[in-house]
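Novice: Full structure from sequences and hints, please.
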Amino acid sequence: MYRILSRHFGPQRWWPARTPLEVIVGAVLVQNTSWTGVEHAVANLSRLRLLQLDRLVQVQASRLAGIIRPAGCSRVKARRLLTLLHWLKTRGGLDQLRHSPTSELRAELLAINGVGPETADSILLYALHRPVFVVGAYTRRILTRYGLMRGDEDYEKVRVAVEKALPHRSGLYGEFHALLVRLGKTHCRPVPKCDGCPLE
DNA sequence: GCCCAGGTGTTTC
DNA sequence: GAAACACATGGG
Numbered sequence: 024m025y026r027i028l029s030r031h032f033g034p035q036r037w038w039p040a041r042t043p044l045e046v047i048v049g050a051v052l053v054q055n056t057s058w059t060g061v062e063h064a065v066a067n068l069s070r071l072r073l074l075q076l077d078r079l080v081q082v083q084a085s086r087l088a089g090i091i092r093p094a095g096c097s098r099v100k101a102r103r104l105l106t107l108l109h110w111l112k113t114r115g116g117l118d119q120l121r122h123s124p125t126s127e128l129r130a131e132l133l134a135i136n137g138v139g140p141e142t143a144d145s146i147l148l149y150a151l152h153r154p155v156f157v158v159g160a161y162t163r164r165i166l167t168r169y170g171l172m173r174g175d176e177d178y179e180k181v182r183v184a185v186e187k188a189l190p191h192r193s194g195l196y197g198e199f200h201a202l203l204v205r206l207g208k209t210h211c212r213p214v215p216k217c218d219g220c221p222l223e
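Numbering (the working numbering), first residue to last: 24 to 223.
Derived from the structure by calculation, the hints contain no laboratory data.
The beta carbon of each residue, even a glycine, is placed where N, CA and C say it ideally should be.
Honestly, I wouldn't trust all of these hints.
[To be verified] Just the calculated beta-carbon pair ranges, DEER-fashion:
{"id": "1", "residue 1": "168", "residue 2": "119", "range": "38 to 44 Å"}
{"id": "2", "residue 1": "42", "residue 2": "113", "range": "16 to 22 Å"}
{"id": "3", "residue 1": "113", "residue 2": "67", "range": "22 to 28 Å"}
{"id": "4", "residue 1": "55", "residue 2": "89", "range": "45 to 51 Å"}
{"id": "5", "residue 1": "71", "residue 2": "167", "range": "37 to 43 Å"}
{"id": "6", "residue 1": "176", "residue 2": "109", "range": "31 to 37 Å"}
Specialist: See the structure below:
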């Protein structure tokens, strides 16, 4: 699948961000939201020169919510982002994270309210370049449609299965995840709901 | 107008 | 414990 998609779509150059901090911001903002809204929100932050840890972490939650409004769920995401940034600050900033093993960072990220497995792994892979595969909604949907999964497997099981099937390289994991999203957007739409259908 | 989007946490049965 | 719900905005 990786080879076919890679040949068909070409390099995806993910994550679409200029800095690791921008990856972290985007990872929270994109939760259950389309990317265009995130772009607007990030542009707002950029315009206000807030895409720096020391500045961003000081912004009041209510104000941040207004700035990131286009990303949706803005009050929730403002709170989540600030919690994550506070952790990052106490951790000494992004550069300091290089010294910690992936498993340790993953556990710390998952302990933060608002950081689930996909957000944590997106940060590990795309901001810190750790070889961790990111399991998204498209990953599940596509692998299930092609009969490679039942569909009810939990996040960890899918992640480990994909990691075992591919070379352990962050660049490759990053491309594959991006390619699955690219494929899913145009060729793997969700099954329409049949509410009230007697056959359901 | 309805469904969906690169999830996660809380509430409910 | 699974299932339903809340979070909110923008685009098809």
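Novice: Where does the structure disagree with the numbered hints, that is, which hint numbers, in rising order?
Specialist: 4
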